[in-house]
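Student: Going line by line, the protein sequences match chains A and B.
Read in order, the letters of the first sequence correspond to residues 1 to 307 in this note's numbering.
Read in order, the letters of the second sequence correspond to residues 1001 to 1313 in this note's numbering.
Careful: at least some of the hints might be erroneous.
Label-pair restraints from in silico Cβ distances [to be verified]:
#1 L190(A) with T1093(B): 55 to 65 Å
#2 Q20(A) with E1175(B): 53 to 63 Å
#3 T1093(B) with N21(A): 28 to 38 Å
#4 L1064(B) with V63(A): 52 to 62 Å
Capping the alpha-carbon separation at 30 Å, the derived lysine-lysine pairs in DSS-like fashion look like this [claimed, not checked]:
#5 K54(A) with K1113(B)
#6 K1113(B) with K1020(B)
#7 K1007(B) with K54(A)
#8 K1007(B) with K1183(B)
#9 K1113(B) with K1144(B)
#10 K1144(B) with K1183(B)
Just so you know, these hints were derived from the structure itself, not from any lab.
For every residue, glycine included, the Cβ atom is placed at its ideal position computed from N, Cα and C.
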Amino acid sequence: MMGRPEVKKREGTVFDIGYQNYTGPREGRGRARLSVIRNGVRTSLGFGRGALAKVLPWLFIGVLVFIAIIMALVAGAADRLVGPEDADQLNLPSHSDYYGIASIIFFVFAAVGAPDLLCPDRREGTINLYLVRPLTGSDYVFSRWLAFFLVMVAVAWLPQFILLMGLLMGDPRPVNYLLENWLDIPRFLLAAIPLAAYTTTLALLAAAFTTRRAYAAVFLVGLFVITTPFTTGLASEIGGTAGQWISMFNLSNIPVHVNDVIFGEPSVITRSAPAAEMSSWILVGWFLLWTLGPAGVLWMRYRRLTP
Amino acid sequence: MGVDNVKVLLTAVKLTKHYKDVVALDNVSFEISEGITGILGENGAGKSTAIKLFLGLIQPTSGLAKALGQNANESVAVRARLGYMPEHDCLPTNVAATEFLAHMAEVSGLPPKHARTRAADTLRHVGLFEERYRSMGGYSTGMKQRVKLAQALVHDPTFVFLDEPTAGLDPGGREEMLELVRKTHREFGISILFSSHLMADVERACDRIIVLQGGRLMQSGEVTHFTKETETVFIEVDGNHERLVAALEQRGVAVATDGHGLYIEGPDESVYDLVRDALVESEAPLRRMAPRRRALAELFQHEGEDFASELVP
Chain A
1 MMGRPEVKKR EGTVFDIGYQ NYTGPREGRG RARLSVIRNG VRTSLGFGRG ALAKVLPWLF
61 IGVLVFIAII MALVAGAADR LVGPEDADQL NLPSHSDYYG IASIIFFVFA AVGAPDLLCP
121 DRREGTINLY LVRPLTGSDY VFSRWLAFFL VMVAVAWLPQ FILLMGLLMG DPRPVNYLLE
181 NWLDIPRFLL AAIPLAAYTT TLALLAAAFT TRRAYAAVFL VGLFVITTPF TTGLASEIGG
241 TAGQWISMFN LSNIPVHVND VIFGEPSVIT RSAPAAEMSS WILVGWFLLW TLGPAGVLWM
301 RYRRLTP
Chain B
1001 MGVDNVKVLL TAVKLTKHYK DVVALDNVSF EISEGITGIL GENGAGKSTA IKLFLGLIQP
1061 TSGLAKALGQ NANESVAVRA RLGYMPEHDC LPTNVAATEF LAHMAEVSGL PPKHARTRAA
1121 DTLRHVGLFE ERYRSMGGYS TGMKQRVKLA QALVHDPTFV FLDEPTAGLD PGGREEMLEL
1181 VRKTHREFGI SILFSSHLMA DVERACDRII VLQGGRLMQS GEVTHFTKET ETVFIEVDGN
1241 HERLVAALEQ RGVAVATDGH GLYIEGPDES VYDLVRDALV ESEAPLRRMA PRRRALAELF
1301 QHEGEDFASE LVP
């Protein structure tokens, strides 16, 4: 008679192998920059943090997408109600108008979100831990800038693609629509870049001068909200070239004028602005001044920063 | 020169740093090799300035600061092999320790996969493995100090700067931190510059000391050299203290006492026999009898009263 087969007991042993020196790759400054960028993107979108940190960024993204959906629905409804040819005559808002219409949402999103990348690091002293690693102050601030810039570009492109989908699906002849309007795609992709660069730079510059995110946000929102009615009123009152220049100080319109240059037509927002009559070179130069100037100040502020 | 095979890890050559009219460091030269080196001095002595110069964060007015064989001011890359634990708060409150450490490891140049593994390992070594997923805002002072140490070690540096690592800790937490510091060198093989104004901490944790005062180098050398055996014998008993003193005095032995035990100055060989007889006669249970070492605090009281008064023994 065969005995029962012997069942071997499986034994587990826990070894404490103690401290192990790291012998893997060290990727230096490039990895450091990449990590700060990735961390910045995650922070901007609330990833890896509590639910509360996700509310604001995704609320803004939701609003921006909602505007695009409404624009697509209106266009689709007009096509069906009055026919494609007559709908074209209505000159309904489209890709060229989107950034202008949603510009205030972009500015508020940047004003609220961008300071989160700089203020807590200085308030909580974490900046000291970055600067003692293979990363300079310039690396740090450029990586933070690039992180928020990428978020802004993605946030700008997303509703434009949704609008494109909506317009395509709403049109009775989607292929014809695409053939007639395909140039809008590279235009809205390109126009997002000055919008993102401008809002990111101004928002981070404000954040560079305070450790409190709320102060930076309130200052920026106030700046955008106040300059718009002030410059609009004053420009129309004075008129002429002086009025045009005053209109140029409408800070929320600066990247929208560049959008107009890219699309070759003024948007519904800038159509009545005296500054829209300025030459394209002046409008682009003015945008560069208002972006590169603050970027330089931001860089100077962080270049020599030490713990 | 590569950074892996250096024995002298930090070198200061005629290092001077002025902040406008304030002289933070004045023509200071020293070398720091493997082990734990304490840098001791009152506030404003130049300790933090020296650390910043070695990390390449500020330019020296003149002289040279070399870290791991490289000019600290010209090489950002060398910081990948250096760690720094600041004195003040530096931790984000709304992030879990493991995520924060993984990020810090990446910023030091480690690839993400390795960074996550190192973060978990390092938190285990500092005793925070169980707490690693909690937001650091809810940590106690002792736990925060451990995370600060962990972020300095997470990328396995060759050399680490610890700025007042026991600041704000209760006696138990302070002892644990000092043990972690010793373990960091003994088991992890990481050399340390331990900045402190607490002489007792430096004495207990360090192999060597550098003493700065007003930006100048006052002393440097092995801790054991400063705390070498004295000509005094220290005796500690568990009872019959007074009877023992009387028995010793009866035999003509001069005895000094404090709250801890008895001190006999400059004994020759015959005194040990007299002590033995006195112990037997007084029936005092002997706990310890040994040549007494000097404490650093005593040394500085002899060398400079003003300086010693600024330091906490």
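Student: Does the structure keep K1144(B) and K1183(B) at a Cα separation of 30 Å or less?
Tutor: Within the cut-off at roughly 18 Å; holds.
Student: Between Q20(A) and E1175(B), does the C-beta distance stay in 53 to 63 Å?
Tutor: violated, 26 Å
Student: Just to be careful, I want the Cα atoms of K1113(B) and K1144(B) compared with a cutoff of 30 Å; is the pair within it?
Tutor: holds, 24 Å
Student: If I claimed the Cβ atoms of T1093(B) and N21(A) lie 28 to 38 Å apart, would that claim hold in this structure?
Tutor: holds, 31 Å
Student: For the pair L190(A) and T1093(B), does the Cβ-Cβ distance stay inside 55 to 65 Å?
Tutor: Since the Cβ atoms of L190(A) and T1093(B) sit about 40 Å apart, the hinted range of 55 to 65 Å is violated.
Student: Given the hint that K1007(B) pairs with K1183(B), does the C-alpha gap stay at or below 30 Å?
Tutor: holds, 20 Å
Student: Can you let me know if the beta-carbon spacing of L1064(B) and V63(A) is within 52 to 62 Å?
Tutor: holds, 57 Å
Student: Starting from K1007(B), check that the Cα of K54(A) is at most 30 Å away, please.
Tutor: Between K1007(B) and K54(A) the Cα gap is close to 49 Å, so the pair fails against 30 Å, i.e. violated.
Student: Given the hinted pair K1113(B) and K1020(B), is their Cα-Cα distance within 30 Å?
Tutor: The hint is violated at about 46 Å.
Student: Straight-line Cα separation of K54(A) and K1113(B) no greater than 30 Å?
Tutor: Given that 30 Å is the threshold and the Cα spacing comes to 25 Å, the pair holds.
When the structure is compared with the earlier hints, violations turn up for hints 1, 2, 6, 7 and for no others.
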